[in-house]
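*Asks:* Add 1 to a position in the sequence shown, counting from 1, and you land on the number used in our numbering.
No lab work stands behind these hints: they were computed from the structure. A portion of the hints provided could be inaccurate.
Beta-carbon label-pair distances, calculated as ranges [to be verified]:
id: 1; residue 1: Ala-175; residue 2: Arg-107; range: 22 to 28 Å
id: 2; residue 1: Met-242; residue 2: Arg-288; range: 29 to 35 Å
id: 3; residue 1: Arg-28; residue 2: Ala-136; range: 23 to 29 Å
id: 4; residue 1: Pro-10; residue 2: Asp-82; range: 22 to 28 Å
id: 5; residue 1: Glu-342; residue 2: Pro-276; range: 22 to 28 Å
id: 6; residue 1: Ala-143; residue 2: Glu-226; range: 34 to 40 Å
id: 7; residue 1: Glu-9; residue 2: Glu-342; range: 16 to 22 Å
C-beta atoms are modelled at their ideal positions from N, C-alpha and C, and glycine is treated no differently.
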Amino acid sequence: MPRLPDGEPAPPSGELPPDALARLGERPFGIYLHVPFCAVRCGYCDFNTYTLPELGPGASTDDFADTALRELDLARRVLGDAAPVVDTVFVGGGTPTLLAAADLVRLLDGVRDRFGLAPGAEVTTEANPDSVTPASLETLAAGGFTRVSIGMQSAVPHVLATLDRTHDPARVGAAVAAARAARLATSLDLIYGTPGESLDDWRASLEAALAHEPDHVSAYALVVEEGTRMAVQVRRGELPMPDGDDEAEKYELADTLLAAAGYDWYEVSNWARTPADRCRHNEGYWRGGDWWGVGPGAHGHVGGVRWWNVKHPRAYAARLAAGESPAAGREVLTDEQRLDEDVLLGVRLREGLDLARLEDAGRLAVAGLVADGLLDGAAAVRARRAVLTRRGRLLADTVVRRLLGL
C-alpha cells in the first residue's frame, strides 16, 4: 500500500487559503467518497483498502456513514459561502457496496443537504458483481444514484484467480441486468496483462463484456505495484512480470473490438457509447477540476491546493470525532506542477491538449511527434491541439515527456 505524499502539515481546522476559494464555481465541482472496505484484498491492489477483520474496534461498516457525514460537515464549513453546487459524486473504494444501500443513500443525502446537487448531476458507485442485488440497486436508484461501475476485470476463471478476484463471472451479467432494470447507467471495468492471460483469454473477456451491452467500458493495463502480494509473487518467480508488448497488443484488440461495437474512446483507458455516457466525474480530474475527497486516504483539490487524509479508518474517525480535519498534509501547486499535470492528463483525452498551454520546448517537439506517428498531424496544424494517434496512446508517457521538454 503506497504511503501518503510528502507535503506541509494541514491545519487542524481544514481551512484553505482565500486564493484557493476565490474561483470556486467556475468549473464543475465533485465530491469523492472513499469507502475503504473489501471482503478480500486482491493481490494486485495497492489502494487504501482494508478487509473487515483488519480494522478492529472503532472502525466498521456500521459506523462509516456517520463518520463520513462529519467530514461533509467540515467541508461545508471550510468552503463557506464559496461552496458550489455539486455536479458529480463518485463513491469508490474498496467495495462501496459492502455498505448497506441505505447508508450509501444517506451519504448522498448528506451531499445534497450540505451543498445541493446540480440538475442532471452524475452520481456513481463502484460495485463488485457479487456485492449488489436487484433490491440494493433499486434502493440506490430511488435515492438518486444514476450510475454503477462494476468491477468485472475478466471473464476467464484462471485470470480472476490470479488476480484474487472471488466473484463468479456469471454474476456480471446478472448485476448489469439488475442495474439496467433499476434505470442505472452501467460501466464495466476490465484489466488486461495479467500473468498467464493469453490474447484469446482477453478477447473472451472483451466479447463477454460487450455481450452485456454496458454504456461505458474502462480497460486498464495491469501494473505490479510495490508492496502488493503480486509484487512478492513476481519477485519470487512465481508469476512473470507483465510484458509491455503483450499489453500493447491487448490494448489494440480492445480498441478495435470496442470501436466496432460502437464505443468511442474519450480517454486513453475509457470508452463510451455516446458523449453522455462518459464518466463526468473522472473528466473533472483529467481537466484539473475541483473536488473534495471524503474518507480515509482520500485526496481533494480546490483552487490549486491539494490535500490528503490520514489513511487508517480508526485515525480518520478519531480526528473527526475530536472536531479536527482528517487531512494529514497538503501542498500548494506551483505553476510548473500545474503545467506538468495539465500535459500529463490533458493529452490523454480525445480532444487533446491546447498547444498554447505548452512551453517553447514542448511546442518544438510537436513536429517530431507527428512525424513519429504519435500525434495527429491535422489536429496539430488546424486545431492547434496535441491529439494522440492510436500508436500515441500506446506511448502516451513518451509523448508527455517530450511535450514537457524532458
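*Asks:* So, for every hint listed, does it hold in this structure?
*Replies:* Here is what the structure says about each hint:
Taking the beta carbon of each, Ala-175 and Arg-107 are about 26 Å apart, inside 22 to 28 Å as hinted. The hint said 29 to 35 Å for the Cβ distance between Met-242 and Arg-288, and at roughly 33 Å that hint holds. At roughly 37 Å, the beta-carbon separation of Arg-28 and Ala-136 lies outside the given 23 to 29 Å, and the hint is violated. Between Pro-10 and Asp-82 the beta carbons are some 26 Å apart, a value that agrees with the proposed interval 22 to 28 Å.
Glu-342 and Pro-276 have their C-beta atoms about 24 Å apart, which keeps the hinted 22 to 28 Å range intact. Separated by about 38 Å at the C-beta atoms, Ala-143 and Glu-226 satisfy the suggested range of 34 to 40 Å. For the hinted restraint 16 to 22 Å between Glu-9 and Glu-342, the CB-CB distance of approximately 18 Å keeps it satisfied.
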